[in-house]
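A.B. asks: So the protein sequences, as listed, match chains H and Z. Counting in my numbering, the first sequence runs from 1 upward without gaps. Counting in my numbering, the second sequence runs from 1 upward without gaps.
Each hint should be verified, as a subset may be incorrect.
Stated by the list, open to error - If you anchor each label on the Cβ, the simulated ranges turn out as follows:
1. Z:56 to H:108: 51 to 59 Å
2. Z:135 to H:22: 24 to 32 Å
3. H:248 to Z:56: 50 to 58 Å
4. H:22 to Z:92: 31 to 39 Å
Quick caveat, the hints were computed from the structure, so don't treat them as lab data. Idealized CB from N, CA, C, for every residue including glycine.
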Amino acid sequence: MFDPNKLRKDFPFFENVKKMQGNNLVYFDNAATTQKPRQVLDSIIQYYSKENANSHRGDYDIAHLVDDKVDKTRDLVSKFLNCDKREVVFTSGTTMSLNLIAYGYGQKFLTKDDEILISEEEHSSNILPWYEVSKKTGAKVKFIRLVDGKITLEEIKKAISSKTKLISLAQVSNVLGYKIPAKEICKFAHEKGILVSIDAAQSAPHMKIDVKDMDCDFLSFSGHKMCGPTGIGILYGKFELLNRMDSFLVGGGNNITYDTGCNVSYLYPPEKFEAGTLNLAGIYGLYAAIKYLNDIGLDNIENYEKELKDYAIKKLSSNKNIIIYNKDSETGILTFNYNGVFAQDEATYLNSKGICVRSGQHCAKLLNDYLKTPATIRASFYFYNTKQEIDQLAKVLENGGNFLDAYFN
Amino acid sequence: MPTSINDKLKREIIIDHYSSPRHKKTPENINDYQKIHMDSVSCIDNIYVYVKLDNDKIVDACFDGVACAISTASTDILCDLIINKTKAEANYILTQYLNMIYEKDFDDSVLDEAIVFSNTYKQAARIKCATIGCNGIEELIK
Numbered sequence: 001m002f003d004p005n006k007l008r009k010d011f012p013f014f015e016n017v018k019k020m021q022g023n024n025l026v027y028f029d030n031a032a033t034t035q036k037p038r039q040v041l042d043s044i045i046q047y048y049s050k051e052n053a054n055s056h057r058g059d060y061d062i063a064h065l066v067d068d069k070v071d072k073t074r075d076l077v078s079k080f081l082n083c084d085k086r087e088v089v090f091t092s093g094t095t096m097s098l099n100l101i102a103y104g105y106g107q108k109f110l111t112k113d114d115e116i117l118i119s120e121e122e123h124s125s126n127i128l129p130w131y132e133v134s135k136k137t138g139a140k141v142k143f144i145r146l147v148d149g150k151i152t153l154e155e156i157k158k159a160i161s162s163k164t165k166l167i168s169l170a171q172v173s174n175v176l177g178y179k180i181p182a183k184e185i186c187k188f189a190h191e192k193g194i195l196v197s198i199d200a201a202q203s204a205p206h207m208k209i210d211v212k213d214m215d216c217d218f219l220s221f222s223g224h225k226m227c228g229p230t231g232i233g234i235l236y237g238k239f240e241l242l243n244r245m246d247s248f249l250v251g252g253g254n255n256i257t258y259d260t261g262c263n264v265s266y267l268y269p270p271e272k273f274e275a276g277t278l279n280l281a282g283i284y285g286l287y288a289a290i291k292y293l294n295d296i297g298l299d300n301i302e303n304y305e306k307e308l309k310d311y312a313i314k315k316l317s318s319n320k321n322i323i324i325y326n327k328d329s330e331t332g333i334l335t336f337n338y339n340g341v342f343a344q345d346e347a348t349y350l351n352s353k354g355i356c357v358r359s360g361q362h363c364a365k366l367l368n369d370y371l372k373t374p375a376t377i378r379a380s381f382y383f384y385n386t387k388q389e390i391d392q393l394a395k396v397l398e399n400g401g402n403f404l405d406a407y408f409n
Numbered sequence: 001m002p003t004s005i006n007d008k009l010k011r012e013i014i015i016d017h018y019s020s021p022r023h024k025k026t027p028e029n030i031n032d033y034q035k036i037h038m039d040s041v042s043c044i045d046n047i048y049v050y051v052k053l054d055n056d057k058i059v060d061a062c063f064d065g066v067a068c069a070i071s072t073a074s075t076d077i078l079c080d081l082i083i084n085k086t087k088a089e090a091n092y093i094l095t096q097y098l099n100m101i102y103e104k105d106f107d108d109s110v111l112d113e114a115i116v117f118s119n120t121y122k123q124a125a126r127i128k129c130a131t132i133g134c135n136g137i138e139e140l141i142k
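Isolated chain Z, as found in the complex (with noise of 0.2 Å):
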């Protein structure tokens, strides 16, 4: 996806991950899910994170519980990105997301989708939020 991408695009893509999330889900055999509970005395997003690992390789990741708009997309789509990738593939996924939110140079090539939240540092208060999953699925590969 080209960094060009117009705002109007952005929103659709930010929407649509919110509204119809692909991975908003609690797997059905849990117990082959390392999980992680996420939330913040910052915001109201409260949700487990779910990754399913076959040796290095990430076969499911998803999440579940009570999140907002910017939280649901951006976890949602950083599980579209990390599915079918190694723990070294996924990690500088989203270190190359943490980098874009946090206005340090980053690699767009991975990002995706995900490109549509380089504007968060305009909302700084919302920080946590589009970096609540991604946090959650780093702790549960690293």
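Next comes chain H alone, as it looks inside the complex (with noise of 0.2 Å):
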């Protein structure tokens, strides 16, 4: 039975954290980093205090469980995917993930006859890689036109020709919250021998995704967003491509012979792009981290978000000062501006009650133009987050036009 206030105890951070500027501690800063569960907290520590030894052939048992738990870790994603194990590879992040595609096939395979497919609601990390393959190679970035917000597959017909090569979009929006149709662009791109990447840090630590069904040729996540540690995530590439790509890393770990004339043979993927020690600790908080989420069940996770948004948009929808940009967005990000009062004004207020959201452009910075304002606040729950929080939310923005009580009550 799926219970919120259940799962919280989990949560070391929120029994030691009950307070802020003297109120109740709610974290609705989810969609930039979430709380750690004690289970990941104890599988870091267990590699640092237990198993602390290096991957990659030591010859000693300690050493045999690093590997093999490097392995497990790499079998679990492949199964929250849905797809092999050589076709998993660890980066530190999304961030990583997309440099290391736009890198290994953008910069190796695009020529200036090209053109890559992105939009502005694009978080920088994935439109910035693209510049640099533009600059390098003479491919063009081009942009799809949001409608209300959102990505249509009737927009992406429009905006590709054919030099499109590669289309890479998020799969949930970090600002507005909205799901692409990923399998419906997946299916018409590559009738038109299109690549599909997927930016999926906003949607694989809120719900169910089969790389399979969806048949995207990249998806790329962060550890820190579902539970686990900073500092670790993980590309899925089609094995076909990211055996065709080069790794940007190269070093320990990725070789398996090389001469004094150059010449390098270096591993299969997806070894070839893990050069260097590995976040070991990184690996096993992942691990821990993708269980937890398992056991709560990412139906159950995505149906909850979906109850909190809508509970979220009832309470708020009453208040006339109050500008919801994504109403109908089916994600728990929720996306406004108080009338009147500039965004970081009114998260500074919210701060003095005890809550934390994030403002200002939440590295979309394309997407303000689109949206006309230069800054928005942003809540995104968790299924750790209440009603009764989004209850003291929309009752501390009863009050939200005297912003200036942060800083004289």
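Two chains, two separate frames, one set of hints: put the complex together.
C.D. replies: As structure tokens, this is what we get:
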């Protein structure tokens, strides 16, 4: 039985940090990073306190335990995504995964006659790597027109040309929280010989992902947005593509042999991309995080967050001063402003009332031209948030115009 | 301005300088001005600060761009305070202002309306906003 109040007890953070600025702490910045359950923290401590050795060819029992955990984690991730183990690359997070695709595939195979298709609501990490590809190869970066903040297959059909070689999109926007029709996009793109890269930073923590069913070519996500530690993430890529790509890191652990004539034989994916000591504590933590989410059930998480979002819309809609930018998005991201108050001033006011939100452009700097506001406030929910916390937000926002209270009360 | 002014008046001063700033503009004769771009990864503020010098004297100061209430009001008030001052006088004022923000001893006799930001320490995440204009002016007149 899904019970957020019971799940919260797994999180030392909520036990340790009950108050902020004298008020009950409400953590609504989950799209930025999530809190960590005890199971994840224990797993990290297990590595450092009981199994601390390097992976790759340590010929002793403890090193074998580490290799075994790396292998088990890769296996767990492959089941989490429904892919082959060889298609799971450990990275530092979504940003590194996207950079790896852009460097390893984009810079190697794209040319000045090619086009890359993205959207204005992408996170900087899904824009700037493609700008670099453009600078290095001459390939052009083009943008899909948004319809009411959404990406539709129709607009993608209009935006592609015979030159389009790759489409890279967030499965769920980190600002507006809309889901894209990923499966339909992949099907259409493949009919045209176009590859599809999916930024799953805001989807993998919140909904079931099946890369076989979706049929994307690449998919990237971060551990820390799904109860795992910072500094660990995943790149999924179809094996045949990974095999043709270059690694932007080379060195220990990614080669089989080399000679003084600069001849190198690199390992096969995924190890080919994993030069240097892996973030082993991160891998231990990610293992525990995925197990934790699987035990709750991704469907339960998705449904409950939708329930929270709907509840928040209902509670806040009666406040005429609140402008909501994504009423109909399906995920737990609520983007709004308070009439006449600059987003960061309102976020400071919420801080003074114990509520953690984020203000600004949320690393999607192109989207604000579309929204016609320099900044927004984002409250993002996770399975451990409650309706009572949304009540606190709604109550505090009743006096949201008095934002200078933050300094004078 | 006495430091004992009450919170109600302080709030009114901030709102006044935020909603109708006197110095928020891009100067017409922009080539007569020193200019600096100020932004930060930790806040949304993204402003240009302009200072017009006549030898050692600041004859005008202004700013323009995207800015929250705290950065708009603080920069506007500081522009008021440094116009028609020498660089040395202005630097002294800015130093006292920063000392106040960072909770050090400061000379309140030169801060006038800028005293309204004495509570910034309560919202540590906003120190950047209260100092972005100040830091820009300092760079331009050092």
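A.B. asks: Which earlier hints can't be squared with this structure?
C.D. replies: Violated hints: none; all satisfied.
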